[in-house]
Amino acid sequence: MQLAVLMGFVLAASSPLLNRWFGHRASFVLALFPALIAAWLVSQAPSVFSDGPLLLEWQWVPSLGISLTFMLDGLSLLFGLLITVIGACVLIYAGGYLKGHVDIARFHLALVAFMVSMLGLVLADGLITLFVFWELTSITSYLLIGFNHSNIEARKSARQGLFVTVAGGLALMAGLVLLGVASGNWSLYEIGQMESDLREHALYTPMLICLLLGAFTKSAQFPFHFWLPNAMAAPTPVSAYLHSATMVKAGIYLLARLQPELGDTALWVGILSVVGATTMLTGAFLAIHHTNIKKLLAYSTIMALGTLTMLVGIGTDYAMTAFVTFLLAHSMYKGALFMVAGILDHETGTKDVTAMGGLRGLMPVTATIAFVAALSLAGVPPLFGFIGKELMLEAVLAAEGFRALMLLFAFVSAILTIAVAAIIALRPFYGRRHETPKTPHEAPFSMLLGPGLLAVGSLSLGLLPALLGGNALLTSAATAVSGQPLEVSLSLWHGINVALIMSLVSLGLGFLLFKHWDRVRSHLATLAPVMRYGPEAGYEGLMNYIVRFSEWQTRLLQNGYMRNYILVMLLVLIALIGNSILLRHSPQLALTLDVQFHEVVVVGTMVMGAIFATISRSRLGAVVSVGIMGFSIALIFILFSAPDLGITQLLVETLTVILLVLVLFRLPRFSNLSTNLERIRDGAVATTMGVLIFLLIMTAWSIDQFEPISVYMIENSAPLAYGRNIVNVILVDYRALDTLGEMFVLALAAIGVIAMLKLRHDGTVNEGDKNNTKEPYDG
Amino acid sequence: MRPEVALPVLLPLLSGALSLLFWRSRPMQRFIAVAGNIALLLVSLWLFVAVWSDGYITMQMGNWPAPFGITLIADMLSAVMILMTGIIGLAMGIYSLATTGRGHEKFGYYPLMHLLLAGVAGAFLTGDIFNLYVWFEVMLVASFALLILGGERAQMEGAIKYVTLNLLASVIFLTAVGLLYGTVGTLNMADIALRLDEAEHSGMVEVLAVMFMVSFGIKAAAFPLFFWLPASYHTPPVAVSALFAGLLTKVGVYSLFRVFTLMFDQTMGYLQDIMLWGAVFTMVTGVLGAAAQYEFRRILSFHIVSQIGYMILGLALYTPLAIAGGVFAIVHNIVVKTNLFLISGITHRLQGTYQLKKMGGLYRERPWLAVAFFISAFSLAGIPPLSGFFAKFVLVRAGLEAEAYVATGIALAVGLMTLYSMVKIWNEVFWKDLPENNHVPSPQASAGDDGRLIKPSLWMMYLPVVVLAAMSLLIGVFAEPIMQVMILIGDQLMNPSGYIEAVMGTSASAEAALLEPFEGQAEPISEDAEGNP
Amino acid sequence: MEPLMALAIGLLYATAIFMMLRRSIVKLVIGLLLLSNGANLLIFTTAGMTRGAPPLIPEGMLQPLGDVADPLPQAVVLTAIVIAFGVLAFAVVLIRRAYEIVKADDLDKMKDTDT
Amino acid sequence: MVKSGTIILNTAARFLMPLQLMFSVFLLLRGHDEPGGGFIAGLVAAGAFTLYLFAFGVSATKEVLRMVDPRDLIGVGLLLGMISVVPAWFMGQPFLTAQWWTIPVIDFKASTPLIFDVGVYLAVLGSVMGMVMALMEVDKDEP
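Chains as they are written, first to last, in the UniProt record's numbering: chain A, 1 to 779; chain B, 1 to 533; chain C, 1 to 115; chain D, 1 to 143.
Note that these hints are calculated values from the structure, not bench results. All of these numbers come straight from a predicted model, not from anything done at the bench. One or more of the hints may lead you astray.
Straight-line Cα separation of at most 27 Å, DSSO-like style, residue types lysine-lysine; simulated pairs [as the list claims (entries may be wrong)]:
hint, chain 1, residue 1, chain 2, residue 2
1, B, Lys-358, A, Lys-156
2, B, Lys-358, C, Lys-111
3, C, Lys-111, B, Lys-424
4, A, Lys-156, B, Lys-357
5, B, Lys-424, A, Lys-156
6, A, Lys-351, A, Lys-156
7, B, Lys-357, C, Lys-103
Anything over 10 Å on all C-beta distances counts as not near chain B; from chain C, calculated [unchecked claim]:
hint, residue
8, Pro-3
9, Leu-7
10, Thr-50
11, Arg-51
12, Gly-60
13, Val-87
14, Asp-112
A virtual CB, placed ideally from N, CA and C, is assigned to each residue, including glycine.
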C-alpha cells in the first residue's frame, strides 16, 4: 500500500508524459489509479470491519521514530474511499473542464500529487509521517490554487492559503512532537493502545492547543476561515476536490483521530464546541452575502466544517454517529455542487448566480444533478443529507455543555443553508433567461459523470442507508472516532421529534429567505464597512506590519555605518569579558615590576608612537608614528631573546611603511568627521577594552600551572630535528603546516593585490597578453 | 599512516599552487580547476568512508607526537564537513566554468577558489588551535581576493566591511590564542581540553570561552555580529556568492561546535543561555531582514544569517540530539543555500537582473529550473520531506525535550517567515509574467564580470543546480542513513574523550618514551646552567 | 617587565580601537595595524619574557645552555606577523581602490550595499 | 610615484642589490641553525629588489628579473613547499616528516625542511615583489 502511495508520486511526476501519450484522455488513464486504490480499500473493508485496524508496517527513519507505517481502520477507510472515489470523479471532470489548456499536464501533476498526499495523510500511522503528508497537501494545494498564476489574485490567494495552513502546520508539528515526547510513542496506533492517560499529562494543554491550531487552520475554522473563499481562485475541479471533499477535512480528520486519546476534557469540549458553532454560523451567514456561486459554496463549506468540528467536540456516541454521517453526506453533495458550479462557469462564462437564469432547458442533466445535490445540502428527505442533518440536530439537543448556544447557532445556520441551497439549485436554472458571456449548452459527458455519480450516491444512500455496506462502514468509522464500539444504523424516519420539527421550520424560513434574497443582500451590503474588520484584515495587517517592522529593523541594525558595526561587536565582547572576569570571577594580578631603564624607554617610545599615530592630524605623521612604534616593537623582540622575530618585525615594518607611503600618497588629509560626543564615547569604549586586555594579560601571565609544550621542542630540536635555531625548527619542522598555510596567505594577499590593482587597468599594462586591450570595467 | 586525513587539505593547496604556476594559460587553469575539484571530492569520499568504518583518523604532521606537532584529525563531523566541501567544490568548479569571465580567470579566480577550499578543509581537519587560525586566514584572504575580483563599487564597499569586521574577528581569535597559550601552555586542542579541565583559574577559562564565542560568532554571522554578511555577500560574481554562502559561515559554526564541545564544555552552563538567545535573535533578525528585501541575492544573504541561528540553536541546546540536529542543519543548508545562489545566477543570466520586480515568467519558460528552485526554497523553509524538514524536526524535538519552549516556538515561526520570502521569490520570479519593461538581458550584464563570456554554456550552470536539488530531496527521502551519521556526530561531540584519546592516547605513551632519555640528559645540563652564572 | 608590557599592550589595543571607530578609512587601517601589533605583543608577553637567552643551541651541542626563552610563541608570532602583513597589504590597497571609486576618505559614504 | 631616484640612490642600489641578495641566500641557508630562515631571507631579498625598484623604476626591475614575473616566483615557491610535504609519504611516514640526505661530494646536508624554506623564500619574495610592483606600475600609469 505504501508502495502504491509512493508510486502515486511517480505517477504524478510522469503525468506530463502521459499527457503527451494519451492527449486529452490522460485524465481517464490517471483516474484508473484512484479507482484501483478504491477497489483495494473496498477489498480490505470486511477484514477491517471484523478484525479491527489493519497495520502495514514500513520503516522510514527509525532513529527518529519516524515510520511510514499505514493504519487502516474505519475512519481512514471512510476518508480513503472519499479521497479515491471523488478523486477519480474529479480527475475525469477536470479532463473535460481544462480540455486543451496549455498547463493541463502540470495540473494533473499537482492534482495527483495532492491526492496521494491526502491519502497518505489519512492512512499514516506515524505522527511525523502524518505531518509530512499534511504539509505536502498544503504545498500541492498552493500549486493548485495558484494554477492561474498570471493572475495576481490567484498568486495572492495561493500565498494566503499556504501561509495560514503552514502556520497551522507548524503549530501542529509542535503539537505532534509534544505528543510524541509526552507519550514516548510516535505511532498513532500505539498511542491508542497506551495505558496511561495523556489527558493528565503536564503538557496536555499546550499540546492540545498546538494540535487544535493546526486542525483549525487547515479546516478553515473561525477565525482562520478567510483563506478558503479566497482559495476559490483555483480552477473549479480543485475547489470541488480540495476545498470541499478532502483537504479542508484533514483538520477534521485529525480531530476525529485524536478524540479517543485527547477528547472529552472540558478544554476540548469547550474549544471545539464554541469554535465549531461559531464557524458554522459565520460560514452560513457570510454565504448569503455573495452572488459568486463558488464563494457561496465555499462559505457553506465553512459552515459544514464548523458543524463537523462541533460534533467532534460534543463527543457523545450520538455525536459520533452524526459526525461520520454528516461527513459522508457533505462530501458527496458538496463535491457534486462544486462540479455543477464549474459546469455553469464553464458553459456560461460567469460565476455570478444573479447573472444566470432559465438554464434548465438548455442543461437538463446539470439542472437535475444540481437539484438533487442541493436538496441533500438543504437536508430535505429522502436524501442522505437529511439523515446527516437530523442526526446533527439530535446530537446537539443531547449535548451537555453549551447546548443553548449550539442549538441557536445550528438552527440559524440551517435556515441560511437552506436559502443557499435554494439559490444554487433554483436561481440559475429557473426564472428568466439571462444573456451570459458564453452561449450555454449541456456539458460533455466527462464533466457530468462525476457530479452525477455523487448525486446518485446522495439519493440512494438516503433511500437505502444500508446500501453497499454503508452502515458497516459508518459503524466502523464511528467506532474509530469514539474509541469504543458503536453501532450505527441509519434510517430516514426517526419519528416526529424536536429535530424534525426544527428541520421543518428551518425549511420554511429558509425558503422565505431565498425569496427575499436580493433585498436581504442589499441590506447586508450596508454592513460592508463593519465586515472590513474581519480576521482577513488582521492577516493583511499582520503581514504589512511584519514587512514594515522588518524594514525598520534593517534600517536600525544593518545601517551601513561601519563604526556602529564595530562598536556593537566591541560592546558585546566587552560586556561578556567584563562580566566573566570582573563580576563572575576576579582577575589575578601579580604586580612585581622588574624593569630596566632602557626597556622602559623602548616601551615608552612604542606607546608614544601608538598615541601619536592616533592623534596625528597628518597622514605622514601617522605613518611615521606607526613606523616608530613598529621599530620599537622590533627592539623589544630583540631585547627579550627573540632575534628572528626582531629581524622579521624590522623588515616587515619597513615594507609596511613603504606600502603605506605608496598608498596614502594619493589620499586626502584627515578631516575631523566625528563629533566630540562620539569621540568621548569611542574613547570610553577603547579605554575599557584596553583595561580589560591589561587585566587578561596579567591574569594569563600569572597563571603558571602547566608546563608549556615547548619544553619538548627545545630538548629535541638538535637531536631529532638537526637544527639549532629552535624557532626556525618550529617553523619548518614541528609546525611546518602553519608555515605552509602562512606562505599561502601571503601569496593569496599578493594575488588579491595584483588583481585589485591590475584587473581594471588591464590592457594598459604590458602583460604580454594583447587580447585584453580594452577596458571592460569602467562603468 | 592514513593519507586521507591530510589529502583534503593538501590536494587543493597543490591544485592552487599548480594553477598559480600556470597563470598564463587559461585552458590549463580550467583543467586544473575541475580535475582538482574531482580529486578533492574523491578524497573526501575516501575520508568519509574511512571515518565511518574506522572511527577517528589522525595524522601527526611531521611525525611529531601530539601535543607537540600539529595534529590533523577527522571525526565524523569533520568527515561530513569535508564531504560537503568536496561536493560544493566540484559543483562550483563546474558552474564557474560557465560564469567566470576572462579577466577573472586571468587574475587568479581558480587558484583563489582552490585555496579557499583548502582553507576550509584545513579548518575542518586541524586539531590545533593556532593552526585553525592559520587556515582561517587562508580562507579569509582567499575570500577577500575573490570578493573584490572585478572591482566594482559595490564590491569595494562590501569588501571593506567584510575585510575589516573579519579581521577584527581574527584579532580577537589571535588574542584568545595568545591568552590560551599563556594559561595552559599548549596549542593542541585535545591537550587544551585536558588541561582546561584541570585549570584552577576558572575565570580565565570563561573569558577564553567568551572570546572564542565572539570571534567565531562574527565569522559565523550570528546576532549581533552579522553585519558584514548582508553588506557584502550579494556583491561578488554569483559563483563566489554561492561558494561563500555555502561554506564560509559554516566554518565559523563548525568551530563553535568544535570548541564548545571539546574545549569549553565546562563553561556551557553559563554560556548556554547566552548562546540560546543569540541563536534566537539570529534566526529572527535574519529572517526579518529578508522580509523587506526585493533583491534576489540580498534575500538569500539575510536568510544565511537566519539559518545560522538554527545551527547555533543546536549547539546551545547541548544535547546529543540537538547537536545532531544542528549538524543536520549545517549539511542541509550548505546544499540548499549554495543551490539557491546558483539558481539566482541562472535567473540573472536569463533575465539580466537580480531585482525580483523586474523578473518573471520562468515557471512557464524554464520548468526544470522552477522545479529546482521549488525544491531548494521549500527545503529551506523546512517543508517535508525535503532536507530542511528533518533538520528542523530534529531541532524542534530536541528543543521540546530540553524544555526550551520559547526558542523552539520561535524557530518554528521563523520557518514560516522563511517560507514568506521564498514564496515571494517564487511568485515574483516564476509565477508572475515577465514585466513589460524588462528588456532581453544583455550578455554584458549576465555574468557580472567582464562581459566577455564564453558561449553561455547553460548546461554547466544547470548541472550543479539539478544535482544539488536532487540531493536536497534525497537527503529527505533517505534520511535514515544520514540521521545515523548525525546521531554518531552528536555522540562523538558530547563525549569528547574519544577525540582526546584519538589525539593523545597512543602518543601519550610515545611522548613519555621520547621524553625519558632526555630527562636524564637535560637535568645535568640545567644544573650546569644554574651553576655557571 | 610583563606588567609594564601589559599596560603598554592595553594602551595599544585602546588606541587601535579608537582609531577603528573613526570614519576615515585610513584611520581604520591604521587601527587594524595597531591592533595586530598589539595581538602579536600579547602572545609574546603572556608566555613570559626572558632577557638575553634566545632559543638557540650553541654549535656542537644538543641542548641550549640553561633556560632559554620560550620559542613556541616566537614562532607563532612570526607566523602572525607575516599573515598580518599580507592582510594589511591587502587592506591598504583596498582602501586605495575604494578611495578611487568613492572619492572620499569617509566610511559613511560607503553604505550603499547595506540599505 | 618615484620614477628614478637620485644618483646616490641609484649607485647604492646598483651595488647594494647583489650584496643584499647574497646576504639573503646566506640567511636562508643558515636559518636552521642561527637566526635567519626563509621568511627573513625572503624579506631581505624583497627589500633589495624594492630598493632597485625605487631607484630605477618598474621596467628596469623587470629586466633584472629577466621576464620572471613575481607570480612565477610565487607559484614555484608554493610548489616547492608542497613538494617538501610529499617525500615522507613514500617512506610510510606522515606528511611533512623531515627527510635528510647528505650529498656526498660537497658534504652538504639536503633536507625537506631546506626545500621547504627555499619555498618560503621564493613565495615571500614573489609575493612582496608582486604587490610592490603592481602598486608602482599603477602609480606610473596614473600620474
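Proposed proximity, Lys-357/B with Lys-156/A (alpha carbon, max 27 Å): Distance ~15 Å between Lys-156/A and Lys-357/B Cα, so the pair holds.
Consistency of the no-contact label for Gly-60/C, given chain B and a CB cut of 10 Å: 14 Å, holds
Interface-negative label, Arg-51/C against chain B, beta-carbon threshold 10 Å: The assertion about Arg-51/C holds, with a minimum of 12 Å to chain B.
No chain B beta carbon within 10 Å of Asp-112/C's: 6 Å, violated
Holds or violated: Lys-358/B to Lys-156/A, with C-alpha atoms at most 27 Å apart: Holds - the C-alpha atoms of Lys-156/A and Lys-358/B are around 18 Å apart, at most 27 Å.
Assertion that Pro-3/C lies farther than 10 Å from chain B (Cβ): Its Cβ never comes within 10 Å of chain B, the nearest being 14 Å, so this holds.
Pairwise hint evaluation, Lys-424/B against Lys-111/C, where the allowed Cα distance is 27 Å at most: 26 Å, holds
27 Å Cα cutoff - pair Lys-358/B, Lys-111/C: Holds: Lys-358/B and Lys-111/C sit about 24 Å apart, inside 27 Å.
Exclusion check [Leu-7/C not at the chain B interface, CB over 10 Å]: 16 Å, holds
Beyond 10 Å from every chain B Cβ - status for Val-87/C: 6 Å, violated
Given pair status - Lys-103/C, Lys-357/B, alpha carbons within 27 Å: Given pair Lys-357/B, Lys-103/C is violated - Cα atoms ~32 Å apart, limit 27 Å.
Holds or violated: Lys-351/A to Lys-156/A, with C-alpha atoms at most 27 Å apart: 20 Å, holds
This entry does not satisfy hints 7, 13 and 14, going by the numbered hints stated previously.
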